[in-house]
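In the numbering used here, the protein residues as written are 15 to 198.
Please note that the accuracy of each hint is not assured.
The calculated label-pair distances, taken between Cβ atoms and stated as ranges, are [claimed, not checked]: (1) Glu147 / Gly69: 17 to 23 Å; (2) Thr161 / Gly58: 30 to 36 Å; (3) Ser32 / Asp63: 14 to 20 Å; (4) Val44 / Asn67: 30 to 36 Å; (5) Arg105 / Asp167: 21 to 27 Å.
To be clear, the hints were calculated from the coordinates, so they are not data collected in a lab. Note that the Cβ used here is the ideal one computed from N, Cα and C, for glycine as well.
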Amino acid sequence: MSPTPRAVLVGPPGAGKSTIGRRVANALGVDLFDTDAAIERETGRTIADIFANDGEVEFRRIEEQIVRRAILEQQGIVSLGGGAILSRPTRQLLRDRTVIYLEISVAEGLRRTGGNKARPLLAGPDPGAKYRELMRRRRPLYRQVSTIRIRTDGRSPGRVVKQILAKLGANPEQTNASTESEQQ
Numbered sequence: 015m016s017p018t019p020r021a022v023l024v025g026p027p028g029a030g031k032s033t034i035g036r037r038v039a040n041a042l043g044v045d046l047f048d049t050d051a052a053i054e055r056e057t058g059r060t061i062a063d064i065f066a067n068d069g070e071v072e073f074r075r076i077e078e079q080i081v082r083r084a085i086l087e088q089q090g091i092v093s094l095g096g097g098a099i100l101s102r103p104t105r106q107l108l109r110d111r112t113v114i115y116l117e118i119s120v121a122e123g124l125r126r127t128g129g130n131k132a133r134p135l136l137a138g139p140d141p142g143a144k145y146r147e148l149m150r151r152r153r154p155l156y157r158q159v160s161t162i163r164i165r166t167d168g169r170s171p172g173r174v175v176k177q178i179l180a181k182l183g184a185n186p187e188q189t190n191a192s193t194e195s196e197q198q
């Protein structure tokens, strides 16, 4: 049997995929594979640079390849970029896997991502309108692929991690989370 991630995290920009992914992986004693970080590592470029110079279509092509490899080869926690679920092949790969949708309200997502120049899809004169449109398109896809939904609004990372560990059936006493979760 081929390896499969313990869980795959999906959600919009600002939902906490990288932060929560790192903490869940640490609590479970497994690796975190962040596909956005992998794209930058493998291309030697920032995501913003790829968008600016090559366009979104080329970025999505690169992303799809890295996501496919991660889902088929990684055994720990995999954190997908917010738009990875736009790819039909990626959504098909997520079938029969544990996919955790980190839900966030538009207002909270905007608060967390406000003014971040590294998020090319939110750049421009009205990031609020762009974020709302992004959520209108993506929310149904996040829900379609997810097997677990966790709300992150108004919750500390430690609380979100505890909820994820419970949903994954991980005993907090048997993980590294019992000490880390209390830190926040």
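A quick look at each hint next to the structure:
1. For Glu147 and Gly69, the Cβ-Cβ distance of about 18 Å falls inside the hinted range of 17 to 23 Å, so the restraint holds.
2. Judged by the Cβ atoms, the range 30 to 36 Å given for Thr161 and Gly58 holds: they are separated by roughly 35 Å.
3. The hinted range of 14 to 20 Å is satisfied by Ser32 and Asp63, whose Cβ atoms lie roughly 19 Å apart.
4. Roughly 35 Å separates the CB atoms of Val44 and Asn67, a value that falls within the hinted 30 to 36 Å.
5. Against the hinted window of 21 to 27 Å, the Cβ-Cβ separation of Arg105 and Asp167 comes to about 25 Å, which satisfies the hint.
Checked against the numbered hints given earlier, the structure satisfies every one of them.
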